[in-house]
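Chains X and P supply the protein sequences, listed in that same order. With the working numbering applied, the first sequence covers 1 to 399. With the working numbering applied, the second sequence covers 1 to 279.
Simulated from the structure, these hints should not be mistaken for lab results. Be aware that a few hints might be false.
Distance ranges between label pairs, derived from CB positions [claimed, not checked]:
hint	chain 1	residue 1	chain 2	residue 2	range
1	P	R270	X	G48	51 to 59 Å
2	P	L17	X	G162	48 to 56 Å
3	P	A12	X	G352	31 to 39 Å
4	X	G176	P	P14	34 to 42 Å
5	P	Q265	X	G202	41 to 49 Å
6	P	L134	X	A55	47 to 55 Å
7	X	A149	P	G60	36 to 44 Å
Some chain X residues near chain P, calculated using beta-carbon distances under 8 Å [unchecked claim]:
hint	residue
8	A113
9	F127
10	R151
Using N, Cα and C, we set each Cβ at its ideal position, and we do this for glycine too.
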Amino acid sequence: MGRQRRRDGRTLGQVGDREVAPAASGPAGAAGPRPAAEAPAPHLALAGIERRFGAVAALAGVDLAARPGEFLTLLGPSGSGKTTLLKVVAGFEPPDRGRIALAGRDITALAPAKRDIGMVFQHYALFPHMSAAANIGFPLAMRGQSRTAMREKVAAALALVGLSGYDDRLPRQLSGGQQQRVALARALVFGPALLLLDEPLGALDRKLRGQMQSEIKSLQRRLGITTLFVTHDQEEALALSDRIAVMNEGRIAQIGTPEDLYRRPATRFVAEFIGEANIFRGRAGVVSGDKVEVRLESGAAMRASLAPGDRTVHYGADLALVVRPERPRRLAPGETAENGVSGIVAEATYLGETIRYRVTLDGGSDFFLRWPADGATLAPGMRVTLGWGVVDMNAVLWG
Amino acid sequence: MSVLTRRLRAEAAPLVLGTLPLLFVFSFFLYPLLRLFITSFHGGDLSGYERALTDSLYAGVLLDTVRLALVVTAICFVLAYPVAYLLSNASRLWAAIGFGCLLLPFWTSVLVRTYAWMILLGRNGIVNRTLLDLGFITEPLPLLYNETGVVIGMVHVLLPYMVFPIYAVMLRIDRDLPAAASGLGASPWRVFTRIYFPLTLPGAYAGAVLVFVVALGFFITPALLGGGRVMTIGLLIEQQVRQFLDWPFAAALSALLLAAALLIQSAFHRALRGDSAWR
């Protein structure tokens with residue numbers, strides 16, 4: 001009973017309060033004293049989640065913690081387990097193993113209806129026989145709220161997503177973007193402890209997608225609601241997230257801020273999946289602190305940075321060297337750099353702010369550059385020598 | 001010139017293609033129907049209609065028929081809904097088995113099935129014998145040659161007509177919808193009453209119309225399982241033609257039956273439209 005009342009209190013009516021104290025959403029604050037830790041207590045904590053479908057392990061032991069108010073993205077190719085993980089959190093898919101805690105209580109065995117989680121489905125899953133207002137009012141009706149309270153909150157939620165006056169429209173009378181907003185309002189109106197977004201932008205056209213991205217982001221900031229977002233679109237993930245968990249084959253390959261993932265990928269998969277990457281393969285030579293000297297297959301030597309605290313790389317290890325296409329610069333004759341390659345410009349593609357070059361290296365492989373369009377430019381057929389520093393190149397294990 | 005002929009050909013093609021079916025429909029359906037109407041006004045009077053609607057005997061039969069059809073429709077719905085639900089959620093194999101069970105009798109002659117029911121439902125039929133032997137009853141239940149028998153037989157024949165439309169609608173329901181509802185706090189019962197059931201109503205309406213209209217004109221099953229003690233408008237028409245050779249009156253009854261079917265069909269249709277404006 002007490003829980004019920006407290007939950008009902010945390011609704012959109014309190015949008016304003018949340019703005020003042022975004023992190024202090026009720027149950028998280030009420031979770032009680034925690035052992036001293038540098039990070040705030042996780043709002044959502046997944047531990048050892050496993051889920052098999054027959055012989056296939058969709059989730060092979062996932063640990064994940066989201067901080068209060070955080071926008072956390074699960075990014076991965078299709079089949080990486082990100083949607084399964086979202087369903088496990090929502091309660092539509094029982095995990096074979098592992099525990100889920102939300103706002104300090106174990107919800108592993110709870111029915112979806114009792115989890116206090118708002119979800120926006122990939123195709124919105126609006127109830128086609130109900131008006132926009134009835135759709136948004138549904139979670140309130142299920143919580144036994146009075147008609148007057150419902151009317152107020154539904155109106156507030158519609159206003160929040162910029163759809164005031166659309167109360168009586170049926171889903172099929174709304175555009176894709178409007179349906180998306182109704183779905184968002186419906187997922188937020190009851191003040192859930194967690195918001196789940198399952199590729200909600202996939203069905204929208206490009207321009208609308210950009211607009212919805214910034215709206216979702218600002219709404220999430222204003223409400224301070226912890227959000228778990230699933231996407232296979234890396235640009236979307238980079239644009240929206242506080243942190244990104246890159247998933248591959250049922251595991252989290254790396255979790256970090258967008259910048260971390262781009263600048264310091266921990267695995268070759270992450271390097272290739274996020275942004276564009278030039279990758280060289282070679283064997284580790286001297287490992288010194290966070291630097292490593294690498295002998296390439298071609299026989300050339302390169303120097304690269306290791307992730308801080310990386311103890312996996314040792315002498316003779318099979319390594320992938322990652323250099324992002326905007327890092328190399330052109331070397332003048334006689335000029336040297338810590339790392340260098342040379343080749344012939346094969347192709348230049350104008351992309352607006354940047355130009356993308358494909359350079360055929362002397363060994364025959366392709367190397368990509370992405371330089372500002374207003375800086376120095378190259379023409380196809382030119383012979384170039386390119387150089388970059390140790391800090392511009394990361395070494396990770398090949399396997 | 002050639003352009004003109006080509007255009008003519010293009011315009012004539014649907015006409016040519018459509019002629020045969022149109023001719024067929026007209027000569028085997030519309031024309032006989034027209035003749036039926038003309039016959040029902042035999043001698044330019046409305047006495048046939050007057051008799052059918054004012055004579056309490058015949059009006060009663062008409063009402064009884066409608067009531068019987070409604071009862072059959074309701075029972076079909078109650079039985080078909082769970083069956084359709086199971087089929088739409090079953091694995092491929094079980095769905096195939098279920099459809100086999102449903103379609104096998106569907107492909108068997110109504111006559112054969114009706115006689116089979118006579119064997120099952122009689123005083124010494126399998127049903128009564130089993131119940132007697134098990135001691136559930138001491139007297140054989142009157143299952144044959146009364147309305148109970150007729151209802152059982154008709155439900156058996158008409159059940160697939162109810163299952164298929166409901167099944168088709170259930171298959172099309174987005175599986176995310178019940179999931180979304182439960183995620184928003186709805187108990188399984190409320191997911192069903194607020195989301196799932198309303199979404200299946202169009203199928204239920206379609207099935208109900210089909211079963212009801214067919215049940216209105218049912219002949220063989222009431223004739224055999226009713227044993228002369230259950231009178232429906234179909235039986236009445238047959239009686240008028242065969243025993244009394246009163247073609248005008250039979251035609252008037254047929255026209256009334258048709259009118260009743262159309263009336264109820266349009267009423268259902270209106271209800272369906274009102275209820276599924278979202279489709």
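Taking the hints in turn, this is what the structure says about them:
1. Distance hint check for P:R270 and X:G48: the Cβ-Cβ separation is about 57 Å, which falls inside the suggested range of 51 to 59 Å.
2. Between P:L17 and X:G162 the C-beta distance comes to about 52 Å, which sits within the given range of 48 to 56 Å.
3. Our hint of 31 to 39 Å for P:A12 and X:G352 is violated, since their Cβ atoms are close to 56 Å apart.
4. Checking the proposed 34 to 42 Å range against X:G176 and P:P14 shows it holds: the Cβ atoms sit about 37 Å from each other.
5. The hinted window of 41 to 49 Å between P:Q265 and X:G202 holds, with their beta carbons roughly 42 Å apart.
6. For P:L134 paired with X:A55, a C-beta distance near 48 Å keeps the hint of 47 to 55 Å intact.
7. For the pair X:A149 and P:G60, the beta carbons lie near 55 Å from each other, so the given range of 36 to 44 Å is not met.
8. Because the beta carbon of X:A113 sits about 5 Å from the nearest beta carbon in chain P, less than 8 Å, this interface hint is met.
9. For the restraint placing X:F127 at the interface with chain P, the shortest Cβ-Cβ distance is roughly 6 Å, inside the 8 Å limit, so the hint holds.
10. Below 8 Å, beta-carbon pairs count as interface contacts, and X:R151 has none with chain P, the closest being about 18 Å; its hint is therefore violated.
Checked against the numbered hints above, the structure breaks hints 3, 7 and 10 and satisfies the rest.
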